[in-house]
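Those protein sequence lines, which keep their order, are chains D and F. Residue 196 in my numbering is what sits at position 134 of the first sequence, and the numbering runs on without skipping anything. Residue 577 in my numbering is what sits at position 342 of the second sequence, and the numbering runs on without skipping anything.
Please note that a few of the clues may not be correct.
What the hints assert, rightly or not - Incomplete in silico selection of chain F near chain D, CB under 10 Å: (1) ARG275; (2) PHE323; (3) SER353; (4) GLN514; (5) TYR572.
Unchecked claim - If you anchor each label on the Cβ, the simulated ranges turn out as follows: (6) GLN582/F <-> THR345/D: 21 to 29 Å; (7) GLY111/D <-> MET236/F: 40 to 48 Å; (8) ASP84/D <-> ASP475/F: 44 to 52 Å; (9) ASP84/D <-> ARG503/F: 35 to 43 Å; (10) PRO364/D <-> LYS560/F: 53 to 61 Å; (11) ARG504/F <-> TYR150/D: 55 to 63 Å; (12) GLU585/F <-> PHE387/D: 43 to 51 Å; (13) GLY481/F <-> GLY250/D: 34 to 42 Å; (14) LEU344/D <-> LEU557/F: 45 to 53 Å; (15) GLY111/D <-> ALA530/F: 31 to 39 Å; (16) VAL95/D <-> ASP569/F: 38 to 46 Å; (17) PRO364/D <-> ASP501/F: 48 to 56 Å.
None of these hints come from the bench; they were simulated from the model. All of these numbers come straight from a predicted model, not from anything done at the bench. Cβ atoms here follow ideal geometry from the backbone N, Cα and C, with glycine treated the same way.
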Amino acid sequence: MPEVALVQAINLALAHAMAADDRVLVLGEDVAVNGGVFRATDGLLQRFGPRRVIDTPLAELLIAGMSVGLAAEGFRPVAEIQFTGFIYPTLDQIVNHASRLRNRTRGRLTCPMVLRSPCGGGVHAPEHHSESPEAMFAHVPGLRVVIPSSPSAAYGLLLAAIRDPDPVIFLEPTRLYRSLKEEISDDGTALPLDACFTLRDGRDLTFVTWGAMTRDVLAAAEALAADGVAATVIDVATLKPLDMQTILASVEKTGRCVIVHEAPLTAGFGAEIAARLAEHGLTSLLAPVQRVAGYDTVMPLPRLETHYIPGQSRILAAARRTLEFA
Amino acid sequence: MATVASFEIAYRQFLDPEGRVTGTLPEFARDPAALLPLYRAMVWTRTFDAKAVSLQRTGRLGTYPPCLGQEAVGVGVASAMRPEDVLFPSYRDQAAQLWRGVTAVEILLYWGGDGRGSAFTGAAPRDFPICVPVSSQTLHAVGAALAMKLRDERRVAVCCLGDGATSKGDFYESINLAGAMQLPAVFIIANNQWAISVPRSAQSGAQTLAQKAIAAGLPGEQVDGNDIVAVTDAARRAIDTARAGGGGAVIEALTYRLGDHTTVDDARRYREDTEVSRQWELEPIVRVRKYLTVAGAWSKADEERLLAESTAEVNAAVEEYLATKPEPPAAMFDHLYEKLPAELGAQRQEASGEAGGHA
Numbered sequence: 063m064p065e066v067a068l069v070q071a072i073n074l075a076l077a078h079a080m081a082a083d084d085r086v087l088v089l090g091e092d093v094a095v096n097g098g099v100f101r102a103t104d105g106l107l108q109r110f111g112p113r114r115v116i117d118t119p120l121a122e123l124l125i126a127g128m129s130v131g132l133a134a135e136g137f138r139p140v141a142e143i144q145f146t147g148f149i150y151p152t153l154d155q156i157v158n159h160a161s162r163l164r165n166r167t168r169g170r171l172t173c174p175m176v177l178r179s180p181c182g183g184g185v186h187a188p189e190h191h192s193e194s195p196e197a198m199f200a201h202v203p204g205l206r207v208v209i210p211s212s213p214s215a216a217y218g219l220l221l222a223a224i225r226d227p228d229p230v231i232f233l234e235p236t237r238l239y240r241s242l243k244e245e246i247s248d249d250g251t252a253l254p255l256d257a258c259f260t261l262r263d264g265r266d267l268t269f270v271t272w273g274a275m276t277r278d279v280l281a282a283a284e285a286l287a288a289d290g291v292a293a294t295v296i297d298v299a300t301l302k303p304l305d306m307q308t309i310l311a312s313v314e315k316t317g318r319c320v321i322v323h324e325a326p327l328t329a330g331f332g333a334e335i336a337a338r339l340a341e342h343g344l345t346s347l348l349a350p351v352q353r354v355a356g357y358d359t360v361m362p363l364p365r366l367e368t369h370y371i372p373g374q375s376r377i378l379a380a381a382r383r384t385l386e387f388a
Numbered sequence: 236m237a238t239v240a241s242f243e244i245a246y247r248q249f250l251d252p253e254g255r256v257t258g259t260l261p262e263f264a265r266d267p268a269a270l271l272p273l274y275r276a277m278v279w280t281r282t283f284d285a286k287a288v289s290l291q292r293t294g295r296l297g298t299y300p301p302c303l304g305q306e307a308v309g310v311g312v313a314s315a316m317r318p319e320d321v322l323f324p325s326y327r328d329q330a331a332q333l334w335r336g337v338t339a340v341e342i343l344l345y346w347g348g349d350g351r352g353s354a355f356t357g358a359a360p361r362d363f364p365i366c367v368p369v370s371s372q373t374l375h376a377v378g379a380a381l382a383m384k385l386r387d388e389r390r391v392a393v394c395c396l397g398d399g400a401t402s403k404g405d406f407y408e409s410i411n412l413a414g415a416m417q418l419p420a421v422f423i424i425a426n427n428q429w430a431i432s433v434p435r436s437a438q439s440g441a442q443t444l445a446q447k448a449i450a451a452g453l454p455g456e457q458v459d460g461n462d463i464v465a466v467t468d469a470a471r472r473a474i475d476t477a478r479a480g481g482g483g484a485v486i487e488a489l490t491y492r493l494g495d496h497t498t499v500d501d502a503r504r505y506r507e508d509t510e511v512s513r514q515w516e517l518e519p520i521v522r523v524r525k526y527l528t529v530a531g532a533w534s535k536a537d538e539e540r541l542l543a544e545s546t547a548e549v550n551a552a553v554e555e556y557l558a559t560k561p562e563p564p565a566a567m568f569d570h571l572y573e574k575l576p577a578e579l580g581a582q583r584q585e586a587s588g589e590a591g592g593h594a
């Protein structure tokens with residue numbers, strides 16, 4: 063099995079889904095001839111032709127809205143938004159239509175579409191290319207929100223997203239596109255869209271994270287292990303629906319929880335997890351839940367982005383704060 | 236200097252407000268009897284519309300957007316469609332929806348606050364529900380039109396919108412795609428002169444709204460939207476061309492919103508009564524009745540029978556609407572996803588156990 067990077071895993075999943083189901087279409091800006099600015103759709107035009115790999119005009123609202131129409135008419139559009147900062151024009155269509163079409167029509171019309179977009183910083187990209195908008199989408203009833211943290215997760219989760227009968231927001235951590243390689247069996251096996259992944263098991267502390275931060279949290283867990291602290295690392299992967307059972311079960315064992323995400327702190331998705339821990343896991347907790355997140359600032363331009371994205375020192379400091387409680 | 240592009244916008248009218256023929260009637264309208272179903276549908280729609288307003292005034296319907304005065308646009312457009320085409324309506328397209336097979340009960344349920352009103356259990360199973368966010372349906376229409384084109388189907392996506400909707404990016408992005416990809420998408424602008432309180436003149440500096448089509452690479456034309464013959468003729472030509480693979484079009488139908496924007500609006504705040512009474516002289520139904528009467532195709536007895544039948548049918552729909560019990564609270568959850576995620580089970584149970592809810 064060849065080792066592939068996350069962006070290649072996306073490409074493999076798209077190709078597998080398109081080969082298996084001729085309702086699957088890829089559309090977006092520069093996705094066809096150019097193969098996507100990150101090359102996620104590279105080679106798909108040559109393999110599947112211009113009726114299934116479609117360069118759209120430069121209009122993000124259109125990309126989302128036409129996907130609703132395509133999906134209602136029986137296609138399975140996988141639309142790409144080129145950079146995170148360009149996803150906001152799609153909100154009207156995603157919030158008012160994609161997420162509601164099934165409910166509004168009592169199941170008569172449905173919207174099995176996937177909206178893919180890179181997310182997060184750390185690659186020295188220009189302004190408006192590095193945001194983490196997952197909490198906005200996780201707030202919308204009727205959607206699924208997925209963020210893979212590795213090539214194999216990206217492959218299996220994207221296949222599941224494409225096969226899902228409802229709209230899925232699929233955010234791909236730009237920082238992981240090429241920085242991490244894994245062996246992938248390109249056999250079309252999907253991963254569940256309603257389960258967290260426990261990437262490391264330890265009795266002392268539970269880290270809860272997702273996306274690119276998963277890699278930093280795994281490194282932090284490794285550093286803690288050197289000090290004799292055994293940390294569990296849970297990759298949430300599907301923020302919506304949230305598999306709270308896995309998180310609660312882990313915190314029941316460890317009594318300590320640190321939530322790490324790149325998006326701004328306030329009303330970030332970590333707040334939802336912390337609230338549910340307070341509601342359902344309070345008696346398990348030995349220490350206050352800690353959140354380590356991006357600051358409540360505008361995502362800075364590249365010179366300051368490493369100061370914005372939670373680093374090892376902030377993650378380890380939060381972990382140690384929870385460990386100070388006996 | 237060289238002229239690199241130029242354009243003209245045609246305007247068509249066949250029946251003037253007095254019911255006189257002002258041009259050579261198109262083929263489909265040469266036999267006056269051919270106009271009878273269109274006339275009946277306009278009268279039926281107006282009967283329904285008046286009833287809906289009175290239901291709201293008496294507390295038995297929620298906020299409702301009357302389509303009074305715009306009946307010819309909806310009936311004309313819908314009559315030019317085939318069942319397998321798809322309608323993407325705005326919230327004032329009751330006339331088109333009723334023609335397509337959406338029932339009066341469903342429209343009443345919707346404005347009465349019941350989500351089942353968009354289920355469309357009868358004809359037109361692929362028609363979209365109305366779009367309350369103005370112009371957002373234009374994007375669905377081009378997506379569906381692309382689906383039809385990719386499958387080589389001889390179907391057409393027909394999108395209805397108002398004059399205000401042409402100011403939005405949704406509309407420009409949609410017609411731009413329709414032009415770029417030569418999609419079978421036809422856009423009908425019911426230019427009723429007012430977007431709530433903002434008049435057409437303040438909405439755009441363009442001389443016509445139809446000419447917005449030109450920038451998108453589509454043909455655009457204007458018709459008297461109160462002339463059922465002109466609307467039907469333009470819609471037929473555009474829809475037939477789109478069906479044959481000739482691409483989409485934009486039709487601007489000049490009409491007038493004789494009622495308020497909705498039942499919670501008071502149009503007297505922003506427009507003169509004299510303007511409205513002038514527009515009553517141009518409304519779409521009387522001219523057809525006059526034409527048909529002169530042509531010997533319609534009598535006073537026919538009119539009385541039609542009004543009696545329409546009223547009885549509308550009243551029956553009202554009875555059915557009023558007798559429809561609300562859905563159980565758990566219905567909020569039942570069509571959110573194909574399969575309800577496990578984490579929502581507790582919320583659904585809470586809603587179910589709390590019949591009556593927060594009253």
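Hint-by-hint comparison with the structure:
At a threshold of 10 Å, the smallest CB-CB gap from ARG275/F to chain D is about 28 Å, leaving the interface hint violated. For PHE323/F, the shortest C-beta to C-beta distance to chain D is roughly 8 Å, which falls under 10 Å, so the interface hint holds. For SER353/F, the shortest C-beta to C-beta distance to chain D is roughly 5 Å, which falls under 10 Å, so the interface hint holds. A distance limit of 10 Å between C-beta atoms decides the matter here; for GLN514/F the minimum to chain D is near 32 Å, and the interface restraint is violated.
For TYR572/F, the shortest C-beta to C-beta distance to chain D is roughly 5 Å, which falls under 10 Å, so the interface hint holds. At roughly 23 Å, the beta carbons of GLN582/F and THR345/D sit within the given window of 21 to 29 Å. With their beta carbons about 44 Å apart, GLY111/D and MET236/F fall inside the hinted range of 40 to 48 Å. Checked against the hint of 44 to 52 Å, the C-beta distance between ASP84/D and ASP475/F comes to roughly 29 Å, which is inconsistent with it.
The hint said 35 to 43 Å for the Cβ distance between ASP84/D and ARG503/F, and at roughly 57 Å that hint is violated. Checked against the hint of 53 to 61 Å, the C-beta distance between PRO364/D and LYS560/F comes to roughly 60 Å, which is consistent with it. Roughly 34 Å separates the CB atoms of ARG504/F and TYR150/D, a value that falls outside the hinted 55 to 63 Å. Distance hint check: the CB atoms of GLU585/F and PHE387/D are about 33 Å apart, inconsistent with the given range 43 to 51 Å.
The supplied range of 34 to 42 Å is met by GLY481/F and GLY250/D, whose beta-carbon atoms lie about 41 Å from each other. Judged by the Cβ atoms, the range 45 to 53 Å given for LEU344/D and LEU557/F holds: they are separated by roughly 49 Å. For the hinted restraint 31 to 39 Å between GLY111/D and ALA530/F, the CB-CB distance of approximately 55 Å leaves it violated. Remark: the range hint 38 to 46 Å for VAL95/D to ASP569/F is upheld by a beta-carbon distance near 44 Å.
Roughly 54 Å separates the CB atoms of PRO364/D and ASP501/F, a value that falls within the hinted 48 to 56 Å.
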